[in-house]
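**Student:** Residue numbers (this note's numbering), protein chains in the order written: chain A, 2 to 313; chain B, 328 to 862.
Read the hints as simulated data drawn from the structure, not as lab findings.
Bear in mind the structure is a predicted one, so any value in this text is a computation, not a measurement.
Beta carbons are placed, not taken as given, at the ideal position from N, Cα and C, and that holds for glycine.
Mixed in with the good hints, there may be bad ones.
As the list claims (entries may be wrong) - From the derived model, a few chain B residues whose C-beta atoms are all more than 10 Å from chain A:
hint : residue
1    : TRP424
2    : LYS439
3    : SER485
4    : SER494
5    : GLU566
6    : ASP572
7    : GLU632
8    : GLU691
9    : ASP720
10   : ASN724
11   : ALA743
12   : LEU746
What the hints assert, rightly or not - Subject to a maximum C-alpha distance of 30 Å in a straight line, what follows is the list of computed DSBU-like cross-link-like pairs (lysine-lysine):
hint : chain 1 : residue 1 : chain 2 : residue 2
13   : B       : LYS567    : B       : LYS857
14   : B       : LYS637    : B       : LYS694
15   : B       : LYS811    : B       : LYS406
16   : B       : LYS467    : A       : LYS56
17   : B       : LYS478    : A       : LYS76
18   : B       : LYS748    : A       : LYS56
19   : B       : LYS480    : A       : LYS56
20   : B       : LYS439    : B       : LYS489
21   : B       : LYS633    : B       : LYS694
22   : B       : LYS655    : A       : LYS163
23   : B       : LYS841    : B       : LYS569
24   : B       : LYS752    : B       : LYS841
25   : B       : LYS694    : B       : LYS406
26   : A       : LYS163    : B       : LYS659
27   : A       : LYS56     : B       : LYS752
28   : B       : LYS727    : B       : LYS716
29   : A       : LYS56     : B       : LYS751
30   : B       : LYS752    : B       : LYS637
31   : B       : LYS798    : B       : LYS751
32   : B       : LYS478    : A       : LYS56
33   : B       : LYS482    : A       : LYS56
34   : B       : LYS413    : B       : LYS569
35   : B       : LYS841    : A       : LYS163
36   : B       : LYS655    : B       : LYS704
To be verified - Where chain A lies over chain B, by a calculated footprint (3+ residues, C-beta under 8 Å):
hint : region
37   : 376-389
38   : 447-457
39   : 460-470
40   : 551-561
Below are the chains, spelled out letter by letter.
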Amino acid sequence: MFRFILRRLLQMVLAFFGTTLIVYALMFAGQGDPIQALAGERPVTAAQRAYLTEKYHLDQTGVGGFFYRYLDYVKNLLQGDLGQSLTGRQIGDILQQAWPVTVRLALIALAVAIVFGVTAGVIAGIRRAGIFDNATLVLTLLVLGIPTIVLAPLAQYFLGVKWQLFPPTAGTQPSFYALLLPGIVLGSLSLATALRLTRTSVAENLRADYVRTARSKGLVKRRIVSVHVLRNSLIPVVTFLGVELGNLMSGAIITEGVFNIPGVGFNLFRGIRTEDGPLVVGIVSVLVVVYLISNLVVDVLYAVLDPRIRYE
Amino acid sequence: MRVRRLAAWTALPLVVTLGLAACGSGGDGGSSGGGQDAAVSIQISEPQHLVPTNTTETSGSQVLAGLFSPLVDYDAQNKPYEVAAKSVTPSDNNKVWTIALKDGFTFHNGEKVTSDDYINAWNYGAYAPNGQGASYFFEKIAGYQDLQGEKPKAKTMSGLKKLDDLSFQVTLAEPYIDFKSMLGYTAFYPLPEAAFSAPGVLNDAYEQAPIGQGPFKMKGTWQHDSKLDVERYDAYPGEKPKVKDVEFRVYQQLTAAYSDLQSDNLDVLPTIPTENLSTAPSDLGDNYQTSPMSSFQFLAFPTFEKDYSKPDVRKAISMAIDRDEITKSIFKGSQQSARSFVSPVLPGYRDNTTGAAGQFNPAEAKKLYQAAGGPSKITISYNGDGGHKDWVDATCNQLKANLGVDCVGSAEPKFADLLTKVEKKQPVGLFRMGWVMDYPSMEDYLGPLYSTNGSSNYYGYSNPEFDRLVKEGAAAPTEEEAIKKYQQAEDILAKDMPVIPLRFGENVYGHSSKVQNVQMDLFQRVNLVKIEAAS
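I would like the entire structure built from these sequences, with the hints used as guidance.
**Tutor:** This is the structure:
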């Protein structure tokens with residue numbers, strides 16, 4: 002087990018540098034004129050252009066320039082310095098402020114998906130083809146069919162502005178309550194998928210041999226479902242949710258914009274818009290780490306859920 | 328079994344760590360209190376910089392307008408009047424300007440404001456290695472050139488001379504009649520001694536909590552991406568604000584701010600998002616307001632291309648566009664049709680300087696276009712991130728119908744991409760441009776937009792006669808004579824038609840029911856001294 006985790010951690014280091022290289026290369030290749038992008042529609046003075054060009058080595062172009070700038074970036078990265086954004090802010094500071102908010106949002110979304118998705122999935126799986134099952138089928142199809150870009154403003158308008166049940170935007174240092182609505186919106190998509198997955202899995206396992214054995218042994222139904230069936234049914238759901246955690250964090254661009262949450266998605270969007278290479282690479286690198294760790298947690302959880310799985 | 332327990336122990340800390348991050352403090356926005364102690368919130372986007380000489384966008388300028396008091400401000404006719412200055416006196420030929428400061432102004436840290444604070448701040452702004460975005464404002468001052476280049480010859484401009492603690496003299500490189508108007512711009516604020524860690528070196532921490540001499544002082548530091556709090560500065564000698572606290576709240580999207588405005592969570596939204604323009608008057612009622620501002624939208628011709636080198640072709644295209652229809656159907660009346668080359672807010676503005684070329688006349692346009700041999704296909708390039716698609720497509724449809732040509736709108740991802748192509752003289756066809764003035768003077772339009780060396784003249788327009796008139800206007804001894812020259816210059820533009828004026832903008836803003844007397848200036852900034860709590 003230790004060796005397994007150690008090996009995975011070592012692989013992570015490789016994967017981490019590989020992704021920064023790729024993302025850095027993509028940003029580098031797509032770079033037009035970041036100084037003008039920063040200034041918007043105003044003319045840029047020669048003095049300012051010269052200043053920014055020198056500060057960020059923007060005159061280093063071509064393949065040689067790419068490696069020069071990438072190695073410079075990695076060298077600073079190894080010293081714990083993520084560099085400065087084009088507006089002169091430390092990227093480390095930006096990430097430090099943005100990440101906690103996004104993590105909280107993603108965890109709320111994940112909790113919503115687990116609590117409602119898995120519960121409803123189990124009920125739907127047990128009462129297969131019943132009213133509840135069909136009703137959830139229609140509902141989940143509906144939710145899966147509506148993109149966040151439509152769902153988020155709608156939820157904001159009706160629940161926030163019209164009926165005033167939730168604050169319309171989360172704003173600065175959002176409370177748990179303010180993040181609840183965006184969390185539900187963000188989690189609704191995963192909720193629907195988690196529900197479908199759990200339902201199918203539970204329905205299938207209910208017909209398995211070991212359930213019949215348990216039943217003939219005289220075990221009560223509640224125990225069969227909660228201990229035997231649920232545990233075996235959760236494996237695909239856990240896989241899905243583990244990967245989904247990363248998706249929730251990176252996919253929050255729209256939700257964070259609509260509800261004005263100063264998180265990662267917003268900064269990523271801004272970084273891409275202003276061609277702020279170092280900022281985008283910094284955010285994506287942390288995202289990669291989140292993906293890698295959540296995958297590791299999923300793998301470890303497999304062993305907990307299914308004793309037949311062993312890691313050597 | 329052992330393996331499983333171990334696995335659980337490994338997974339647990341990870342889950343706990345992630346869970347801990349979920350706990351945090353809560354906060355609540357919105358305004359509180361009433362009367363003189365009221366707090367108001369105003370939407371901004373994240374400012375890029377908060378050093379006066381490095382601030383050129385609206386959000387930063389809005390914050391600095393609270394923290395600083397300008398030397399001059401503009402009255403209802405947009406003529407400058409003194410605020411922090413006691414007097415601004417030109418020499419006979421407008422080349423040497425003596426600025427006397429009012430006594431009694433102090434910085435928020437208690438320092439008395441002296442003429443040194445202005446001189447040091449301006450020298451810092453002009454010094455090229457500091458890379459300040461607004462440095463070009465100082466280029467009219469004598470000695471500015473010595474501070475340029477990679478290794479400048481000097482660190483201070485020879486044109487700035489201290490007379491005593493409360494007055495100083497500015498010598499310009501060339502006479503300039505509108506210098507007093509110029510002094511109202513953000514770049515001309517003073518900086519306290521505390522801002523510098525050594526002479527000419529700005530303290531890194533200064534920008535996080537700028538110290539000014541204006542009606543409001545910082546409360547805490549700049550909370551990036553979320554907000555900036557300021558409170559009334561009681562020792563301010565000028566007009567006292569009618570509210571105690573102002574929160575500048577950072578929004579990523581205007582639509583989110585609009586939702587907050589509707590539910591009274593936000594007090595002032597300086598720009599109503601385009602998506603909500605049609606419903607805003609009914610959503611907000613009396614709290615939906617408009618006021619003049621200086622923005623100017625136009626279509627530029629690549630005059631260096633053979634297709635568009637003839638003025639008649641350019642005039643014909645202009646005549647084939649029905650501006651009123653577009654402002655009405657697409658902008659819902661939030662912008663006005665433009666038929667002049669400078670904004671109507673300026674002293675010296677005249678209606679309809681484009682003459683017949685600005686009037687919608689499809690029959691005449693087609694005749695003129697065919698006679699001049701205009702191209703059979705027109706492209707209009709625009710930046711796709713600014714909500715321009717609708718009106719560009721509408722314009723294209725009008726050109727198709729009225730000129731019988733093929734017309735397509737072509738989107739570039741960003742304005743920067745568009746400019747890159749234009750500068751390389753790649754064929755982009757017509758392209759959209761916009762302009763917002765820095766200070767109210769016709770020269771601020773004519774110089775940068777249409778002069779041969781203008782900073783935003785991307786279309787290669789050059790007319791020596793025009794350049795001469797603008798220069799003479801700037802050097803004229805009186806305001807009246809200056810305007811006369813500027814107007815003659817504008818008449819040349821009407822003949823050459825290097826761009827098609829399309830629309831003049833307005834401030835379209837809204838406020839909550841908790842505030843009143845919300846006024847916006849020409850620079851899209853809320854007047855922080857006038858705003859008050861609703862009684």
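**Student:** If a hint holds in the structure, say so; if it doesn't, say that too.
**Tutor:** Hints and how they fare:
Residue-level check passed: B:TRP424 sits 23 Å from the nearest beta carbon of chain A, beyond 10 Å. Every C-beta of chain A lies more than 10 Å from that of B:LYS439, the closest at about 30 Å, which supports listing it as non-interface. Here B:SER485 stays apart from chain A, with its beta-carbon at least about 18 Å from theirs, past the 10 Å limit. Taking the minimum C-beta to C-beta distance to chain A, about 29 Å, the non-interface status of B:SER494 holds against the 10 Å cut.
Remark: the non-interface label on B:GLU566 is consistent with the geometry, its nearest Cβ contact in chain A lying 30 Å away (cut-off 10 Å). With a least beta-carbon separation of about 14 Å from chain A, B:ASP572 lies farther than 10 Å from that chain, consistent with its non-interface assignment. No Cβ of chain A approaches the Cβ of B:GLU632 within 10 Å, the least distance being about 22 Å, so the stated non-interface status holds. Every CB of chain A is more than 10 Å from the CB of B:GLU691 (nearest about 33 Å), matching its label as outside the interface.
At roughly 20 Å, the least C-beta separation between B:ASP720 and chain A is larger than 10 Å, which holds for a residue marked as non-interface. Here B:ASN724 stays apart from chain A, with its beta-carbon at least about 25 Å from theirs, past the 10 Å limit. Its beta-carbon lying about 4 Å from the closest one in chain A, B:ALA743 breaks the requirement of being farther than 10 Å from that chain. With a closest Cβ-Cβ approach of about 6 Å to chain A, B:LEU746 is found to fall inside the 10 Å limit, against its non-interface label.
Straight-line distance between C-alpha atoms of B:LYS567 and B:LYS857 comes to about 9 Å, which keeps the hinted pair within the 30 Å bound. A hinted pair counts as satisfied when its Cα atoms are at most 30 Å apart, and B:LYS637 with B:LYS694 qualifies at roughly 15 Å. Proximity of B:LYS811 to B:LYS406 is assessed by CA-CA distance (about 16 Å); at most 30 Å being required, the pair is judged to hold. Taking the CA atoms of B:LYS467 and A:LYS56, the gap is about 27 Å. The hint holds against a cut of 30 Å.
The hinted pair formed by B:LYS478 and A:LYS76 meets the criterion: a straight-line CA distance of about 29 Å does not exceed 30 Å. For the suggested pair B:LYS748 and A:LYS56, the alpha carbons sit about 25 Å apart, so the restraint of at most 30 Å is met. Annotation: proposed proximity of B:LYS480 to A:LYS56 holds, straight-line Cα distance about 21 Å (limit 30 Å). Between B:LYS439 and B:LYS489, the direct Cα distance comes to roughly 16 Å. Compliance with the 30 Å bound is thereby established for this hinted pair.
Under the criterion of a C-alpha separation no larger than 30 Å, the hint pairing B:LYS633 with B:LYS694 is consistent with the structure, at around 20 Å. Only pairs whose Cα atoms come within 30 Å are accepted, and B:LYS655 paired with A:LYS163 is accepted, the gap being roughly 29 Å. For the hint linking B:LYS841 to B:LYS569, the alpha-carbon distance of about 14 Å falls within 30 Å, and the restraint holds. Simply put, B:LYS752 and B:LYS841 have alpha-carbon atoms about 52 Å apart, too far for the 30 Å limit, and the pair is violated.
The straight-line distance between the Cα atoms of B:LYS694 and B:LYS406 is roughly 44 Å, outside the 30 Å bound, and the hint therefore fails. For the proposed pair A:LYS163 and B:LYS659, the alpha carbon gap of about 24 Å is at most 30 Å, so the pair holds. This hinted pair checks out: A:LYS56 and B:LYS752 have alpha carbons roughly 28 Å apart, not beyond 30 Å. Simply put, B:LYS727 and B:LYS716 have alpha-carbon atoms about 16 Å apart, close enough for the 30 Å limit, and the pair holds.
Between A:LYS56 and B:LYS751 the alpha-carbon distance is near 25 Å, which keeps this suggested pair within the 30 Å criterion. In summary, the hint linking B:LYS752 to B:LYS637 is supported, as the alpha carbons are separated by about 18 Å, within the 30 Å threshold. This hinted pair checks out: B:LYS798 and B:LYS751 have alpha carbons roughly 28 Å apart, not beyond 30 Å. The suggested pairing of B:LYS478 with A:LYS56 holds, with an alpha-carbon distance near 15 Å, which does not exceed 30 Å.
Between B:LYS482 and A:LYS56 the alpha-carbon distance is near 20 Å, which keeps this suggested pair within the 30 Å criterion. Straight-line distance between C-alpha atoms of B:LYS413 and B:LYS569 comes to about 24 Å, which keeps the hinted pair within the 30 Å bound. Pair hint B:LYS841 plus A:LYS163 holds up; C-alpha atoms about 18 Å apart against a cutoff of 30 Å. At most 30 Å may separate the alpha-carbon atoms for a hinted pair to count; B:LYS655 and B:LYS704 meet this at roughly 27 Å.
Check result for the region 376-389 of chain B against chain A: holds, 3 residues qualifying (beta carbon to beta carbon below 8 Å, three or more required). Counting residues of the region 447-457 of chain B whose beta carbon lies closer than 8 Å to any beta carbon of chain A gives 3, which meets the minimum of three for the stated coverage. Check on the region 460-470 of chain B: 3 of its residues sit with their Cβ under 8 Å from a Cβ of chain A, so the three-residue criterion for coverage holds. Restraint check on the region 551-561 of chain B versus chain A: 4 residues with Cβ-Cβ distances below 8 Å, three needed, restraint holds.
This entry does not satisfy hints 11, 12, 24 and 25, going by the numbered hints stated previously.
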